[in-house]
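Enquirer: These are the residues of each chain, in order.
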Amino acid sequence: MPLLPDLFADERERRVALAAGQVVSEAERCVQCGICAYDCPVAIDVRSYAWRGLPVTDGRCIRCGECVRRCPRGTLSMLAADVQCLVATPAEILPFTPGEGP
Amino acid sequence: MSGRPGAVQTGRQACRHVIIGHGPAGLSAAEAIRALDPDASITIVSEEPYRFYSRPGLAFYLAKRVPQEQLFSRPDAYYRHWRIDTVHARAEGLDPTARLVHLSGGRRLPYDRLLLATGSAAALPNVPGIDLAGVVTLDSLSDTRTILDAVRQARSAVVVGGGVTALELIEVFLARGLKVHYLLRRARYWSSVLDEAESGLVLKRLRDEQVEIHTETELGQVLGRKGRVAGIETRAGQRIGCEVLGIAIGVQPRLELARPAGLPTRKGVLVDGHMRSGVKDIFAAGDIAEVSDGDAPGHLNMLWPVAIATGRTAGANMTCADLADGPAAHGDTADAPGALYRPGTPFNVCYLADLWVSIAGQVSPAGADDDLRHAGRGSSEAWQAASPDGDALRVVSGRAPGAYQRLHVQGNQLAGAVIMGDQRLATPARYLIEQAIDLGPVRAALLAPGADLAQVLLPFYEAVRA
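Protein chains in written order, with the numbering used here: chain C, 1 to 102; chain G, 1 to 466.
Everything labelled a hint here was simulated from the structure, so no lab data went into it.
Listed below are several chain G residues computed to face chain C (Cβ distance under 7 angstroms; list not exhaustive):
#1 E31
#2 P56
#3 F60
#4 R74
#5 Y78
#6 W82
#7 Y351
#8 Q423
As a list, the in silico EDC-like pairs of lysine to aspartate or glutamate whose alpha-carbon atoms are at most 20 angstroms apart:
#9 G:K64 <-> G:D143
#10 G:K64 <-> C:D39
#11 G:K64 <-> G:E209
#12 G:K226 <-> G:D131
#13 G:K204 <-> G:D422
#14 G:K64 <-> C:E66
Heads up, the beta-carbon is just placed ideally off N, CA and C, and yes, glycines get one too.
Throw the hints in and build the complete structure from the sequences for me.
Expert: Encoded structure:
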C-alpha cells in the first residue's frame, strides 16, 4: 500500500496566483454564510472561492469590494495590483460547480 | 475480518463509505473521499431534510443580514455530480460487528467505513419550566423556525449563558425589535476567554444597544402561562417578564450512537491522529472528536476550521485500506501511513456586539466560566490549556483607536492572542503563534510598558514573511 500523499502539508500543492487587484480569501476564517455572494452586484459565488482559499478569478468581478466590506469574519481582502499571492489549493477540496476542474 | 473482499483495493466493488452528520466535518470527509477514490460509494445520513448549510450563518439569517436560501452553498447538482448520496433519516444505532447502521423507520444501512460526525447539541439548564414553549436554543435550521415563531408575538426576551452563541441570540432578538435582558452569573462576560477590560468593552456596547444586563444573577425557574414562557424568576426571587428565553450555556458532543456501540469515549469519541476510533473501520470528526495521544486527555474543539480539517483527515484515511483495517493504536501514530491531523493553533474569529474578535492559541489560564457549563460553540478547550512548565507567561495589552489587543508571550514566543476591533494584528499574531517564531529582538519592545503592539509586531511579521 503506497503512502497517501500528505494532503495537509503547508507547502504542498501550492501554486502562485497572479492576483493583481483581486479579492483574495483566507479559508480558515470562512464559515460559508454566503453574505459575500448575496451582496455581489454581479452574482459571483464568492464563497466557493473562499472554501478553497482561492482568489476570485471570475472575469465578471468589477473589484467593487462589496464582498470584502460585508464579510462578517474578515475572510476577504483586496490585494494591491502589484502584489503576488501564494495560494494553497489542497487537492481534496472539490469545486462547487460541477464540471469545473479541481 | 477474513473472507471479506478488500473493498478499497479491488477497484471492482465500490467501498461503501457512510457518514453520519451533514455538517462541515461530514461534508469535508465526503469531498476528501471523492477526491481520492472516484469509485467509492458515499452516503451522508442526516436527520435534517436539507443539503449542507452554514450553521454559523444561522444567526446572520435571523438578524436579517442574509436570506435563508443563501445559507445553502451547494446546489442539488453538486451532489449528483460528485455522486454523494444523502439519506434523510435518524441514525438510531450501530452494529460494528455486522457493519450496519440502524436508521429510523427500520431501515438498515451497511457500511465498509463509517464516519461519525454527529456534532454537538445545546445543553439546557435543569430548572423548572425549561420545557415551556418559547425556550429556544440555536443549533440548527429548525431552531430558527422555533425562534421566529417565538419572537413574532414577543415584546421582550431573556438570554442566559455566555460565549459566542449568547451574543448571537441577543443580536437576533434586538434585530427583531425585542427588549433584551441578559443574565450573567458573575460580573463578567465570557470570563474563560476575555479579560476584564475586554469583557467590559463587549458589555458596554450591549448597554449602548439598550440591552439590560443583570450581573450576579442566576436563572431560578421559567414562569409559564398556558404552556408558554411568560417570564423568569431569578434565584434571588426577582421576576422578569418575557415571552422568549434564549439559552446558550454551551454544547455537548452527541455521543448517543458512539457510547452504546462501545466506542471508547471520554468527553468525546477518542480518536488518534488519523481520526480512527477504538473500533475497527469507524472514524469520528468534528465536534464529537477528542483527539488524544495515549492517556493524556484531548481537547474538545467546537470550531468550524477544526471540523473541516478533522473531516478531511478522516475522509482521506477512510479510503486507505491499511489504516481502515485496524482500530486506533493510541500513542503511536506518527509513523503510520495516511493523512495525519495536526491540531495546530485553535483559532476563531467572532463578531461580538459589532466588534470583531480574533482568538488564537492559549489565551487564558485554566478557569471556570460560570455562564458556560459546557464547551461553547465556536470555542476550543485548548484556549484554556495550561502553559507548559518553564518560562513564565507574560501578558501584554495594548490599546489603540478602535483596537484592543492582548498578547501572551511565553519565553521567546507568542503563545496566544486576543485581537478586538482593528484586525490588522490578527493574521500576523496567528502566524507567529502557529510557526513558533522566535520573537528575538522585538520581545523586549513588546514587553516595554506602553508599547504600541501593532507598531512593534507588524514590521517584524513582514520581515519574517519576506
